[in-house]
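Student: Sequence:
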Amino acid sequence: MTKSVAILGASGYTGAELVRLLAGHPEIEIAALSAERKAGLEMAAVFPHLRHMQLPRLARIEEIDFTGIDLCFCALPHATSQEVISGLPRDLKIVDLSADFRLRDPAAYERWYGRPHSAPEMQKEAVYGLTEFYREEIRAARLVAGTGCNAATGLYSLLPPLMAQAIDPDEIILDLKCGVSGAGRALKENLLHAELSEGWQPYAVGGAHRHLGEFDQELSKAAGQEVSVQFTPHLIPGNRGILASVYVRGEARDIHAAMTATYRDEPFLTVLPMGEVPSTHHVRGSNHVHVGVVQERRGGRATIYTVLDNLAKGSSGQALQNANLMLGLEETTGLTLAPVFP
Numbered sequence: 001m002t003k004s005v006a007i008l009g010a011s012g013y014t015g016a017e018l019v020r021l022l023a024g025h026p027e028i029e030i031a032a033l034s035a036e037r038k039a040g041l042e043m044a045a046v047f048p049h050l051r052h053m054q055l056p057r058l059a060r061i062e063e064i065d066f067t068g069i070d071l072c073f074c075a076l077p078h079a080t081s082q083e084v085i086s087g088l089p090r091d092l093k094i095v096d097l098s099a100d101f102r103l104r105d106p107a108a109y110e111r112w113y114g115r116p117h118s119a120p121e122m123q124k125e126a127v128y129g130l131t132e133f134y135r136e137e138i139r140a141a142r143l144v145a146g147t148g149c150n151a152a153t154g155l156y157s158l159l160p161p162l163m164a165q166a167i168d169p170d171e172i173i174l175d176l177k178c179g180v181s182g183a184g185r186a187l188k189e190n191l192l193h194a195e196l197s198e199g200w201q202p203y204a205v206g207g208a209h210r211h212l213g214e215f216d217q218e219l220s221k222a223a224g225q226e227v228s229v230q231f232t233p234h235l236i237p238g239n240r241g242i243l244a245s246v247y248v249r250g251e252a253r254d255i256h257a258a259m260t261a262t263y264r265d266e267p268f269l270t271v272l273p274m275g276e277v278p279s280t281h282h283v284r285g286s287n288h289v290h291v292g293v294v295q296e297r298r299g300g301r302a303t304i305y306t307v308l309d310n311l312a313k314g315s316s317g318q319a320l321q322n323a324n325l326m327l328g329l330e331e332t333t334g335l336t337l338a339p340v341f342p
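Per full-length UniProt numbering, residue 1 is the first one in the sequence shown, and the count goes up by one each step.
All clues given are correct.
Here are the in silico distance ranges between beta carbons for each label pair:
#1 249 <-> 42: 53 to 61 Å
#2 65 <-> 37: 17 to 25 Å
#3 175 <-> 276: 15 to 23 Å
#4 239 <-> 45: 15 to 23 Å
#5 336 <-> 105: 33 to 41 Å
Straight-line alpha carbon distances no greater than 30 Å define the calculated DSS-like cross-link-like pairs of lysine-lysine that follow:
#6 221 <-> 124
#7 93 <-> 124
#8 177 <-> 221
#9 188 <-> 38
#10 93 <-> 221
#11 177 <-> 188
#12 3 <-> 38
#13 3 <-> 93
#14 38 <-> 93
#15 3 <-> 124
Read the hints as simulated data drawn from the structure, not as lab findings.
The beta carbon of each residue, even a glycine, is placed where N, CA and C say it ideally should be.
Modelling step: build the complete structure from the supplied sequences, incorporating the hints.
Tutor: As structure tokens, then:
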């Protein structure tokens with residue numbers, strides 16, 4: 001039986017990516033799309049690359065009838081989802097792509113996002129959406145909080161060796177490069193072509209990036225002790241993709257073994273042969289993650305390289321993977337498209 005979904009915030013990059021992925025899904029139909037500033041428009045007027053699809057007209061959230069809708073994707077801005085989701089029907093399954101329900105501790109949310117959590121009771125039922133590590137909890141959940149795209153890349157790099165005690169949890173440096181679509185679709189001066197192209201720049205330096213809250217939460221849980229990584233993200237003049245270079249103390253062979261054991265049966269995680277490194281080109285537009293491990297010339301030092309597409313596996317692809325589980329569908333449905341190359 002076909003499942004019906006709504007996408008709130010369909011005029012943003014993650015909303016459009018959800019529509020693109022759902023175009024090839026045989027068991028889900030899009031029943032409603034929302035966009036506040038672009039309400040009343042056809043989706044083709046906002047994203048012409050989707051004009052071949054028969055889609056509902058964009059509407060305001062209050063205009064949507066959720067009767068008969070099985071699941072709602074919330075692709076709204078941070079700090080907006082809490083209020084909106086609190087007002088949705090209690091029997092509606094929800095996958096939230098914002099940061100509003102990622103941090104289990106409301107005090108941690110207030111620290112990283114600068115405001116009190118407005119739906120702490122709902123936070124208690126939210127399941128963190130890193131599929132490969134919370135699969136059974138997601139399957140039974142009503143509300144799933146999608147991870148940050150930077151956070152997902154770092155966690156795929158670090159969770160297996162931390163759980164296997166193959167690296168020193170006190171010596172982790174995470175150097176991450178992210179395409180500009182990770183900053184969203186809103187107009188910002190520093191994202192203009194003339195401001196961004198031909199240049200690379202670090203941002204949110206010195207421990208200011210909000211995804212550190214997710215790293216603290218998930219890495220500390222995996223290691224069984226407090227873990228505080230040194231993390232510097234960089235904005236690069238590319239549209240899609242994240243590359244994480246993670247510098248650790250540990251033996252590469254042990255790290256590679258931990259990665260292989262953890263991801264052996266995962267449909268979207270590929271561990272490359274020892275010494276090989278991945279490229280964002282090789283996962284573009286897909287739900288795949290490639291991981292490489294390299295032994296450094298100094299003994300007991302290694303580098304982990306991980307790539308994913310920030311809009312797909314880092315956000316909308318992950319959201320659909322989780323929705324499949326929540327709806328009782330095959331987890332990989334609609335997500336088996338090969339990456340786009342070149």
